[in-house]
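S.K.: Residue numbers for the sequence shown follow our numbering, beginning at 10 and rising by one.
Honestly, I wouldn't trust all of these hints.
Said to hold, decoys possible - Cβ pair distances, simulated, as ranges:
#, residue 1, residue 2, range
1, Asp-236, Phe-93, 33 to 39 Å
2, Gly-303, Cys-212, 34 to 40 Å
3, Gln-318, Glu-177, 40 to 46 Å
Keep in mind the hints are simulated off the structure, nothing from the lab.
Idealized CB from N, CA, C, for every residue including glycine.
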Amino acid sequence: MVLLDGRSRSPCLTVFGSLALLTAMACGAPSPSGEPLSPSGATLAPRSPSATGFMNPVLAGDFPDPFILRTDDGYFAYATTDGFNEIQVAKSLDLVTWDHLGDALPELPSYIGGDTWAPEVAHIGERYVMYYTGRSIQSIRPTGGTAQCIAVATATSPEGPFVDDGEEPFICQEALGGSIDASPFQDRDGTWHLLWKNDGNCCGIPTRIWLQGLSPDGLSLVGQAVDLGIRQDRAWEGILIEAPSLLENDGRYHLFFSANAWDTGGYAVGYATSTELGGPYEDADENPILTSAGAAAGPGGQAFVLDHQGDLWMAYHAWHVDSVGYATGGVRAMWIDEVTFEAGRPVVDGPDSGPQAPP
10 MVLLDGRSRS
20 PCLTVFGSLA
30 LLTAMACGAP
40 SPSGEPLSPS
50 GATLAPRSPS
60 ATGFMNPVLA
70 GDFPDPFILR
80 TDDGYFAYAT
90 TDGFNEIQVA
100 KSLDLVTWDH
110 LGDALPELPS
120 YIGGDTWAPE
130 VAHIGERYVM
140 YYTGRSIQSI
150 RPTGGTAQCI
160 AVATATSPEG
170 PFVDDGEEPF
180 ICQEALGGSI
190 DASPFQDRDG
200 TWHLLWKNDG
210 NCCGIPTRIW
220 LQGLSPDGLS
230 LVGQAVDLGI
240 RQDRAWEGIL
250 IEAPSLLEND
260 GRYHLFFSAN
270 AWDTGGYAVG
280 YATSTELGGP
290 YEDADENPIL
300 TSAGAAAGPG
310 GQAFVLDHQG
320 DLWMAYHAWH
330 VDSVGYATGG
340 VRAMWIDEVT
350 FEAGRPVVDG
360 PDSGPQAPP
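Working from the sequences, and respecting the hints, build out all of it.
M.R.: Dropping the structure here:
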């Protein structure tokens, strides 16, 4: 849920609520390094690796579909179940060194039977609201079997415990295979919205990215769901699109998504743009913008976070090139790489497994 006022490599930023909305954070203030700032408040000097830098992955264990929440107390990362924790949560002070905190969702509601995936958290009012995917025992796919659906849980602390006291899924498009990969977004006017994907690839049904309004507390849906108009009609996308995340930069909305088979090196990240939040969105000609390279294979499941200096980072998971897929003993580790905008287009400096300057 990131808004950028982007005229240079690193936008001038602020934070509304708890997640990054980019407008005007350190304008007129000196940079932490003492280097001059551009008129928009961004340090224009390029990053350079140093002895105090870092190397990817920053979380080497299995930490799929990562999402990072910035708070005044540090950064909290959430991820898909590892088989021991329903929702993994870790904390860092610098985006590089992470401490596992255990399970952010230690008790599942009665309607969820496991398979907890792709959590994202928004700080709305006095609460932290987690949107996550789980297997709904009361929701049936068109081809039979239970569907993956979107659920919501709340907590008073970013580390949890989050509690889902619902009796049914928050969103579940059963006729379209189910609903997964929820991502909250707060627009410039303060309104909240939720993106997700229908799980059609489970059942031979096309996958689509959807958007619907949220109530001010983030716990109810408002209006009707809108199909944002992108299709898995390019060769690199394979049979599906998923994992939506949204940035707004200089008046244009940038809808990022992952595509292709998650357990292969063909998994990758692309984006589409629109001047209207509700679309329609048009695929970027340069897609995909994040693909297998170096030690990273099948990068995807992306999310975005602003560091405390106002630089934008993409968090994502990737296999090691020598062990793609769980059958090979592989894990989907968490990587981070910087994102900049050049001539209005997002550029991801990765996958980068070499030394990098720290956030």
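S.K.: The structure should be examined with respect to each hint, and the outcome stated for every one.
M.R.: Hints versus structure:
| no. | hint | result |
| --- | --- | --- |
| 1 | Asp-236 to Phe-93: 33 to 39 Å | holds (37 Å) |
| 2 | Gly-303 to Cys-212: 34 to 40 Å | holds (36 Å) |
| 3 | Gln-318 to Glu-177: 40 to 46 Å | holds (43 Å) |
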